[in-house]
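Enquirer: As a plain string of letters, each chain reads:
There are 4 protein chains.
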Amino acid sequence: MARQSLQPSRDPADYPFAHRLRTRFAETDAMGIIHHAAYLAYLEEARVEYLRAIGHPYHAVRAGDGEDRAAGGRDFAVLEVSVQFRKPLHFDDEVDVSLRIGAVTGTTFQVAYLLSAGGEARATAVTVHGCVDGRGRPARLPAWVAEEFGAA
Amino acid sequence: MARQSLQPSRDPADYPFAHRLRTRFAETDAMGIIHHAAYLAYLEEARVEYLRAIGHPYHAVRAGDGEDRAAGGRDFAVLEVSVQFRKPLHFDDEVDVSLRIGAVTGTTFQVAYLLSAGGEARATAVTVHGCVDGRGRPARLPAWVAEEFGAA
Amino acid sequence: MARQSLQPSRDPADYPFAHRLRTRFAETDAMGIIHHAAYLAYLEEARVEYLRAIGHPYHAVRAGDGEDRAAGGRDFAVLEVSVQFRKPLHFDDEVDVSLRIGAVTGTTFQVAYLLSAGGEARATAVTVHGCVDGRGRPARLPAWVAEEFGAA
Amino acid sequence: MARQSLQPSRDPADYPFAHRLRTRFAETDAMGIIHHAAYLAYLEEARVEYLRAIGHPYHAVRAGDGEDRAAGGRDFAVLEVSVQFRKPLHFDDEVDVSLRIGAVTGTTFQVAYLLSAGGEARATAVTVHGCVDGRGRPARLPAWVAEEFGAA
Chain A
1 MARQSLQPSR DPADYPFAHR LRTRFAETDA MGIIHHAAYL AYLEEARVEY LRAIGHPYHA
61 VRAGDGEDRA AGGRDFAVLE VSVQFRKPLH FDDEVDVSLR IGAVTGTTFQ VAYLLSAGGE
121 ARATAVTVHG CVDGRGRPAR LPAWVAEEFG AA
Chain B
1001 MARQSLQPSR DPADYPFAHR LRTRFAETDA MGIIHHAAYL AYLEEARVEY LRAIGHPYHA
1061 VRAGDGEDRA AGGRDFAVLE VSVQFRKPLH FDDEVDVSLR IGAVTGTTFQ VAYLLSAGGE
1121 ARATAVTVHG CVDGRGRPAR LPAWVAEEFG AA
Chain C
2001 MARQSLQPSR DPADYPFAHR LRTRFAETDA MGIIHHAAYL AYLEEARVEY LRAIGHPYHA
2061 VRAGDGEDRA AGGRDFAVLE VSVQFRKPLH FDDEVDVSLR IGAVTGTTFQ VAYLLSAGGE
2121 ARATAVTVHG CVDGRGRPAR LPAWVAEEFG AA
Chain D
3001 MARQSLQPSR DPADYPFAHR LRTRFAETDA MGIIHHAAYL AYLEEARVEY LRAIGHPYHA
3061 VRAGDGEDRA AGGRDFAVLE VSVQFRKPLH FDDEVDVSLR IGAVTGTTFQ VAYLLSAGGE
3121 ARATAVTVHG CVDGRGRPAR LPAWVAEEFG AA
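Going down the list, the protein sequences come from chains A, B, C and D. Position 63 of the first sequence, counting from 1, maps to 63 under this note's numbering, and the rest follow consecutively. Plus 1000 on top of the position in the second sequence (first one is 1) and you've got this note's numbering. Plus 2000 on top of the position in the third sequence (first one is 1) and you've got this note's numbering. Plus 3000 on top of the position in the fourth sequence (first one is 1) and you've got this note's numbering.
Calculated directly from the structure, the hints in this document are not laboratory data. Be aware that a few hints might be false.
Selected chain C positions facing chain A (Cβ under 7 Å, derived; list incomplete) [to be verified]:
| # | residue |
| --- | --- |
| 1 | 2026 |
| 2 | 2041 |
| 3 | 2044 |
| 4 | 2045 |
| 5 | 2059 |
| 6 | 2086 |
| 7 | 2092 |
| 8 | 2149 |
Computed spacing ranges between beta-carbons, pair by pair [said to hold, decoys possible]:
| # | chain 1 | residue 1 | chain 2 | residue 2 | range |
| --- | --- | --- | --- | --- | --- |
| 9 | A | 118 | C | 2140 | 50 to 58 Å |
| 10 | D | 3065 | A | 137 | 20 to 28 Å |
| 11 | C | 2144 | B | 1072 | 54 to 62 Å |
| 12 | A | 10 | B | 1011 | 55 to 63 Å |
C-beta: ideal position from N, C-alpha, C; glycine also.
Chain A with its partners taken away, still in its complex shape (with noise of 0.2 Å):
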């Protein structure tokens, strides 16, 4: 299995994207924080906007759509993740989250993240990902991923 190998840096410069974020009500524990489960959606909803961002939105990559027609449905499914959490967040706060892609193979690649707020660090994060087709056998990354991230 893939290990991750990315170190998230704490500084947003290093990051190519950010998508920012508000933390809900309902992602709030009874610490008063936000809980830590929520922040694997918002790692997920900033991997979304990026691909967006970049022209290949994921519910196109799921279809099958563009130049990948031919091979397919496709899905980053993860097969990893983890989370540093430094300072907590807190209902309302507006948070960036800032991603690089690294690491990339023929079948997978990781995402560094920075969680910010306040101009404060609050998480970083990695995830690794695996690229599976319709019915979740492995399957090589849309060409694309290639060409816009290299490969190793």
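Using the hints, position chains B, C and D against chain A.
Expert: Leaving out everything else, chains B, C and D in the frame of chain A:
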């Protein structure tokens, strides 16, 4: 659209089935109580356990197993939900979700619920369900639903 | 207990406020649609944005800021929720959550909602809220609620 | 910040405790599998059951009950989480979440997890926890943690 017609009683004796679950910390919110959205997952978990108890596990309904194989898989889509929150639930509470089926038609049925903890009614609810096929189109309910619960 | 009395219209023009959000992949389910429990978070997010838009952000209400400082923090606990699911939402849909306040009493108010996407009504909903203090005890609504929305 | 040092084994026999739970339909996603964020709630539920099993239920830890009353309430905040997803879980799967505690210091401890279903390893995970007081400030772990698990 079907409209809810069941009146959920606050007496557990009025329900033929009850499922006990325990609230999760992840389901609390910054008010220190269980967030209201978590109740919908509790209702769903109780429906799933009820179907299992009567010999029609929901995964088999969805796969089109058993006597309904010819008809193909079915989902019981949620058409409507209504919850009255009477007294809060807290982290680690043991909750009895009592339920009964009613108002069965050829394509829809309703479920009334009582959520109780510590011998007190905490919430009542009604869900209205419509049978759909694997592509989300309205479909007739499996024959066992009418047999088990009667049809109007 | 307060009972919902508002009738949510399916015409966006009947609502004074709308908040646009985008569904998340984490909110989908194995039927390939947005799980019904996610709608409650959408309603809540729209309420929070509405309170911000009228100058009473919910984090300030909870902290007891502004004119209501003397009264201490307040929460608008959810006493009742009812949703009618008319047509499914899918991953990455942009959803307009329209809302209007009504049925204001000294301690409760109601909110009617229309969720629309692609120019179509997808769901309508009503929530009933009761004002509580920091310990969860019923309390009078802040004065601005009656001023803003009228009281019965 | 504490960094995870435990290596979670894929052999259930390496863990002193296991908690069985069942996946919910609400936790599935449009890939037809359990969404990866749901695993964090499974880990948490298993931790809570483990604390109950050893006589220190988490609600008592949070309330500052028992021998630690003088110290006041404590939370075991999540400082870090890492999950490796080896094989998907599906709706209605029965999952055994095995866990063991390790790497205990004066203020932090780690937990290693194995999630298995149908006799197969589905995921492994590590969480790192820091003891905090009722206001979220770092605090010493209750004495029973060191006694029970040893401290470095």
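Enquirer: Given a cut of 7 Å on the nearest C-beta pair, is the interface hint for residue 2041(C) held or broken against chain A?
Expert: This interface hint holds because 4 Å falls under the 7 Å limit.
Enquirer: Given residue 2026(C) was flagged as interface, is its beta-carbon under 7 Å from a beta-carbon of chain A?
Expert: holds, 4 Å
Enquirer: Could you see if the CB distance from residue 3065(D) to residue 137(A) stays within 20 to 28 Å?
Expert: violated, 51 Å
Enquirer: Can you verify the interface hint for residue 2149(C): is its Cβ closer than 7 Å to any Cβ in chain A?
Expert: violated, 21 Å
Enquirer: Could you check if residue 2086(C) really has its C-beta closer than 7 Å to a C-beta on chain A?
Expert: violated, 22 Å
Enquirer: Tell me if the interface restraint on residue 2092(C) is satisfied: Cβ within less than 7 Å of some Cβ in chain A.
Expert: holds, 5 Å
Enquirer: Does the Cβ distance between residue 10(A) and residue 1011(B) fall inside 55 to 63 Å?
Expert: Because 57 Å falls inside the window, the suggested range holds.
Enquirer: State, for the Cβ atoms of residue 118(A) and residue 2140(C), whether the hinted interval 50 to 58 Å holds or is violated.
Expert: violated, 33 Å
Enquirer: Can we keep the residue 2044(C) interface hint, with Cβ of chain A closer than 7 Å?
Expert: holds, 6 Å
Enquirer: Go ahead and decide if the range 54 to 62 Å is satisfied by the Cβ distance of residue 2144(C) to residue 1072(B).
Expert: Because 55 Å falls inside the window, the suggested range holds.
Enquirer: Quick check on the hint: residue 2059(C) CB to chain A CB, less than 7 Å?
Expert: holds, 5 Å
Enquirer: Under 7 Å is the threshold here; is the Cβ of residue 2045(C) close enough to any Cβ of chain A for the hint to stand?
Expert: It holds, given that the least Cβ distance between residue 2045(C) and chain A is near 6 Å, below 7 Å.
When each numbered hint is compared with the structure, violations occur for hints 6, 8, 9, 10.
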